[in-house]
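These protein sequence lines map, in sequence, to chains A and B.
The numbering of the first sequence is our numbering, which starts it at 1 and goes up by one.
The numbering of the second sequence is our numbering, which starts it at 1 and goes up by one.
A couple of the hints might just be wrong.
To be verified - Here are the simulated BS3-like cross-link-like pairs (lysine-lysine), alpha carbons at most 27 Å apart as the crow flies:
1) A:K60 - A:K2
2) A:K85 - B:K63
3) B:K257 - B:K462
4) A:K40 - B:K326
5) A:K90 - A:K9
6) B:K97 - A:K9
7) B:K328 - B:K97
8) B:K97 - A:K60
9) B:K328 - A:K9
10) A:K40 - B:K97
11) B:K98 - B:K462
12) A:K90 - A:K40
13) A:K9 - A:K40
14) A:K34 - B:K98
15) A:K90 - A:K60
16) A:K85 - A:K9
17) B:K97 - B:K462
18) A:K85 - A:K40
19) B:K451 - B:K328
20) A:K60 - A:K9
21) B:K151 - A:K34
22) B:K462 - B:K451
23) B:K257 - B:K63
24) A:K60 - A:K40
25) B:K257 - B:K151
26) B:K328 - A:K40
27) A:K40 - A:K2
28) A:K2 - A:K90
29) B:K257 - B:K97
30) B:K97 - A:K34
Since the hints were derived computationally from the structure, they do not count as laboratory data.
Below, each chain spelled out in residue letters.
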Amino acid sequence: MKLIMAIIKPFKLDDVREALTPLGVQGLTVSEVKGFGRQKGQTEIYRGAEYHVNFLPKVKIEVAVPTDLAEQVVEAIIRAAHTGKIGDGKVFVMDVQRAVRIRTGETDNEAL
Amino acid sequence: MMRMLRGVLPALLLCLALAAPALAQPAPAPAQGQPNAAETSSSSATSAAPAAAAPAAPAAEPKVDTGDTAWMLSSTALVLLMTIPGLALFYAGMVRKKNVLATMMQSFSITALVTVLWYVCGYSLAFTNGNPYVGDFSRVLLNGIWDGWDKPFNFGAGTDNATQLTIPETVYVMFQMTFAIITPALIAGAFADRLKFSALLIFIGLWSVLIYSPIAHWVWSPIGWVNALGAADFAGGTVVHINAGVAGLVCALVLGKRLGYGHDNMAPYNLAYAVMGASLLWVGWFGFNAGSAVGANGRAGMAMLATQAATAAATLAWAFAEWIAKGKPSVLGAASGAVAGLVAITPASGFVLPGPAIIIGIAAGVICFWSATSLKHLLGYDDSLDAFGVHGVGGIVGALLTGVFAYGPLSGTSDHPEGVNIGGVHQLTVQCYAVLATLVYSGIGSFILLKITDLLVGLRVKEEEEREGLDVVLHGERLG
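One chain only, chain A, in its complex shape (with noise of 0.2 Å):
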């Protein structure tokens, strides 16, 4: 099993989302995140007082699936959230060495 999970532009999240259904996806988890990287943030002026917001608004997606899955999942993902803008994010593909559904107790792939 793979966890992968994905910095993404908020706005891009239908399409990420769109684009991991017809794969088999059963479920993902999204955050609303702050954080930087490359894309320099943006100046708010407030009577006067600028304050330079390096922090920008992002959206973290995480999703578990079958390892012979991810690499399609990446992929899907990758296309989906590109503009080809700096900005765009980043996906990270971690390991997992156990997963239990908590309703019916279903282990490892039976459960994701």
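With chain A's structure known, arrange chain B on it following the hints.
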């Protein structure tokens, strides 16, 4: 420092007192907007006009005018709306999330505190005869207001300048109370994010009784000494805005900067609150300015006309100035511009025509933009929400331009149909005296009251409390 100022204050007051009669004009009629003879004579045929105008009516004692009273009851509600929720939202929208509730609580609790003090002695000290500098204690706890409760109020009865109003005194008490509430509530913009709640109650309580009431008396009482100079302040440019603005500046200087000022991100939590607040202020201000005609009459109409013109012009002026200087016309800028325009037209409404009102609005928008965005940083004080930058500076702009643009006939009386306040060098000079007197008294007085409060309970919350946020530290609550 304090001892020195305590010594200087009486001397300054004495100087002002001595200067007053020397500067006074030969026989000025009540000059400001509140109790002006012009509108009472036009709106209350029963009170002043001879019986010939209405042959059937006997020249009996004056009666309450129901139209005037209806408008003043409505205006009272409108002006209260300016503080809660108007100002509460305007200020709360500009602070960080951790201080939103505490900032709203400031407006809300000041409303309650000043109301009680107004009944106890504030009204009495401001609007009874007393002497030219302060009223007396004859209306303590509104004593005797029930005598003639259904008769129109004879403001300044027993003096040479008594003004026969057409509304009951109860309504006048309430209308003026809403002004007494909003003035200290405006100061809160300067000490937002760092003042203790106990210090707020003590400082504002003392300030309302010892600073606001006397200045209201100077300017609006028929025997007030600034009134006798011939100063024109229709709805409270000096009494409300310069007064609150200067007190705010002193608060900002005495309290010092917020922790992390100039370093931390202090971006507003929710500017939508601020825009809603500014909009409520705009609407409520019709009660403030048009209500200051103390009647439903032509002067109220002129005041409303001028108010809308100046506010709109100032909104555009601030937005365009910001667009040119900073690259973008901000929403907060437009809302701030509207408030600056409202502030500046306050003393002038009821004295000026629509054209000059637009000029006053443009001047206020551009100058207040400069004071709130550049002057503050230049001088290095932290007036958190620009109580001085908008209300102090806008009030001064308005008070002085009233002296330039006052259109005589609007302040005409039967004795002086050409008007008692006519724009020109003389009126401008008188306006300068009124501004200066307010600056000096409010500035020094606020400083002393802050020092007293500091001795009693201390002014600022502790450093870690300020970091944590006033909502939780002072009130034990938090926004979601």
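Against the structure, the hints come out as follows:
1. At most 27 Å may separate the alpha-carbon atoms for a hinted pair to count; K60 of chain A and K2 of chain A meet this at roughly 16 Å.
2. The hinted pair formed by K85 of chain A and K63 of chain B fails the criterion: a straight-line CA distance of about 76 Å is larger than 27 Å.
3. For a cut-off of 27 Å, the pair hint linking K257 of chain B to K462 of chain B stands: about 13 Å separates their Cα positions.
4. Simply put, K40 of chain A and K326 of chain B have alpha-carbon atoms about 20 Å apart, close enough for the 27 Å limit, and the pair holds.
5. Under the criterion of a C-alpha separation no larger than 27 Å, the hint pairing K90 of chain A with K9 of chain A is consistent with the structure, at around 10 Å.
6. Taking the CA atoms of K97 of chain B and K9 of chain A, the gap is about 25 Å. The hint holds against a cut of 27 Å.
7. With a C-alpha separation of about 25 Å, the suggested pairing of K328 of chain B with K97 of chain B holds against the 27 Å cut-off.
8. Our distance criterion of 27 Å between C-alpha atoms is met by K97 of chain B and K60 of chain A, whose separation comes to about 24 Å.
9. With a C-alpha separation of about 25 Å, the suggested pairing of K328 of chain B with K9 of chain A holds against the 27 Å cut-off.
10. A hinted pair counts as satisfied when its Cα atoms are at most 27 Å apart, and K40 of chain A with K97 of chain B qualifies at roughly 25 Å.
11. Straight-line distance between C-alpha atoms of K98 of chain B and K462 of chain B comes to about 15 Å, which keeps the hinted pair within the 27 Å bound.
12. Restraint check for K90 of chain A and K40 of chain A: satisfied, since their Cα atoms lie roughly 16 Å apart, inside the 27 Å limit.
13. Between K9 of chain A and K40 of chain A the CA atoms are separated by roughly 14 Å; this keeps the pair inside 27 Å, and the hint holds.
14. For the proposed pair K34 of chain A and K98 of chain B, the alpha carbon gap of about 19 Å is at most 27 Å, so the pair holds.
15. Restraint check for K90 of chain A and K60 of chain A: satisfied, since their Cα atoms lie roughly 10 Å apart, inside the 27 Å limit.
16. Taking the CA atoms of K85 of chain A and K9 of chain A, the gap is about 11 Å. The hint holds against a cut of 27 Å.
17. Proximity of K97 of chain B to K462 of chain B is assessed by CA-CA distance (about 18 Å); at most 27 Å being required, the pair is judged to hold.
18. Between K85 of chain A and K40 of chain A the CA atoms are separated by roughly 12 Å; this keeps the pair inside 27 Å, and the hint holds.
19. Distance check on the hinted pair: K451 of chain B and K328 of chain B sit about 41 Å apart at the alpha-carbon level, beyond 27 Å; violated.
20. Proposed proximity of K60 of chain A and K9 of chain A is supported: the alpha carbons are some 9 Å apart, at most 27 Å.
21. About 66 Å separates the Cα atoms of K151 of chain B and K34 of chain A, which puts this hinted pair outside 27 Å; it is violated.
22. The hinted pair formed by K462 of chain B and K451 of chain B meets the criterion: a straight-line CA distance of about 17 Å does not exceed 27 Å.
23. Pair hint K257 of chain B plus K63 of chain B does not hold up; C-alpha atoms about 54 Å apart against a cutoff of 27 Å.
24. Pair hint K60 of chain A plus K40 of chain A holds up; C-alpha atoms about 19 Å apart against a cutoff of 27 Å.
25. Annotation: proposed proximity of K257 of chain B to K151 of chain B is violated, straight-line Cα distance about 51 Å (limit 27 Å).
26. Pair hint K328 of chain B plus K40 of chain A holds up; C-alpha atoms about 19 Å apart against a cutoff of 27 Å.
27. Using a Cα cut-off of 27 Å, the hinted pair K40 of chain A and K2 of chain A is violated, with the two alpha carbons roughly 31 Å apart.
28. Only pairs whose Cα atoms come within 27 Å are accepted, and K2 of chain A paired with K90 of chain A is accepted, the gap being roughly 16 Å.
29. With a C-alpha separation of about 18 Å, the suggested pairing of K257 of chain B with K97 of chain B holds against the 27 Å cut-off.
30. Under the criterion of a C-alpha separation no larger than 27 Å, the hint pairing K97 of chain B with K34 of chain A is consistent with the structure, at around 18 Å.
Hints 2, 19, 21, 23, 25 and 27, counting from the list given before, are not met by this structure.
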